[in-house]
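J.: Next come the chains, spelled out residue by residue.
2 protein chains.
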Amino acid sequence: MDQKNSFELTDFLPYLLNQAAEVTSRDFEPYYKKKYGMLRTEWRVLFHLGQYGTLTAKDICQRARIHKTKVSRAVHALEQKRYLSREQLPDDRRHEKLDLTRSGQRVFKDLETEAQNFDRQMMTSFTEEEYQMFRSLLARVAKL
Amino acid sequence: MDQKNSFELTDFLPYLLNQAAEVTSRDFEPYYKKKYGMLRTEWRVLFHLGQYGTLTAKDICQRARIHKTKVSRAVHALEQKRYLSREQLPDDRRHEKLDLTRSGQRVFKDLETEAQNFDRQMMTSFTEEEYQMFRSLLARVAKL
DNA sequence: ATGTACTAGTTGCTTTTGTAACTAACAAGC
DNA sequence: GCTTGTTAGTTACAAAAGCAACTAGTACAT
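Protein sequence lines, in the order shown, are assigned to chains V and X. Last residue of the first sequence? That's 327 in this note's numbering, and every number before it is there in order. Last residue of the second sequence? That's 327 in this note's numbering, and every number before it is there in order.
Hint data in this document are derived by calculation from the structure and do not stem from the laboratory. All values derive from a computational prediction rather than experimental measurement. Mixed in with the good hints, there may be bad ones.
Treat identical chains as interchangeable: a pair holds within one or across any two.
As the list claims (entries may be wrong) - No farther apart than 20 Å at their CA atoms in a straight line, the calculated lysine to aspartate or glutamate pairs in the EDC-like style are these:
1. Lys253 to Glu312
2. Lys280 to Glu313
3. Lys251 to Glu205
4. Lys241 to Asp282
5. Lys216 to Glu270
6. Lys216 to Asp302
7. Lys326 to Glu191
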């Protein structure tokens with residue numbers, strides 16, 4: 184009687200996702216933090232700019248789903264580190280084109296390589312099929 | 184020439200995991216926040232106690248991988264809300280047995296049900312096979 | 001018994017995040 | 001022109017998280 188409760192905490196997807204995200208994020212953190220003194224949000228903004236080229240802050244908010252205040256602060260920080268430059272658009276002076284500087288690009292290249300290695304390392308514990316499926320499931324959940 | 188760069192931001196597992204975790208956590212947040220005024224950490228602590236019964240703060244730290252200061256403050260908050268009680272152990276007065284009160288258990292039961300529904304809802308976008316695989320992959324990554 | 005080392009948990013202070021109000025720029029109606 | 005509404009981005013203040021130092025209790029060697 185009352186065997187309905189087969190539901191376990193570890194069955195709860197948001198919980199599992201958080202734990203998994205936490206573990207991997209923590210593992211990767213040293214690469215951008217210790218080496219370049221960047222915060223997670225800064226790293227994410229840098230990565231978006233490196234990957235997709237010129238963007239406005241708004242673009243980054245939407246693509247990365249980061250709140251505009253966080254982006255604003257990250258952009259400021261990256262600017263101070265001379266990793267990015269801003270340029271106002273003459274046709275609409277509210278927007279600013281954001282671009283990585285040379286040194287920002289160097290940092291991006293380096294971290295991109297590290298990220299790739301990190302991913303490859305993680306892959307070794309999956310079969311190719313598992314890896315593909317995992318990515319597609321995550322993308323679906325993340326509504327990407 | 185130089186076609187090595189097929190690596191995309193969205194291939195990066197920590198990034199994908201974070202996005203997915205963020206989306207689902209945000210979706211579930213209202214259940215414990217609006218209804219019971221709990222913080223995410225409090226909800227996690229409550230859930231652990233509800234699921235596994237009596238635990239010490241240390242136990243929770245290890246199981247949930249939450250830092251002890253966060254647990255300490257969450258326990259304090261839950262105590263104030265009368266959702267849990269502490270009892271010092273006579274054999275080692277450093278430890279405290281933590282238990283949900285009756286009202287804490289009611290809250291747990293309610294949220295557990297909501298969590299179960301939430302999970303079931305998410306499942307509808309997966310096949311049974313995908314769901315099982317997803318969970319096992321996440322558990323592996325989270326080192327659970 | 002007492003000095004050293006360790007453990008559970010808390011507290012104070014700093015850093016980071018979240019929220020909401022703000023500035024500056026544009027756009028459209030009148 | 002000038003009012004009303006909207007958008008990009010910033011800033012000020014409040015909430016939460018992180019870190020390091022602390023208290024209190026235990027263990028164990030001398």
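J.: Which constraints among the numbered hints does this structure fail? Numbers only, ascending.
T.: 1, 2, 5
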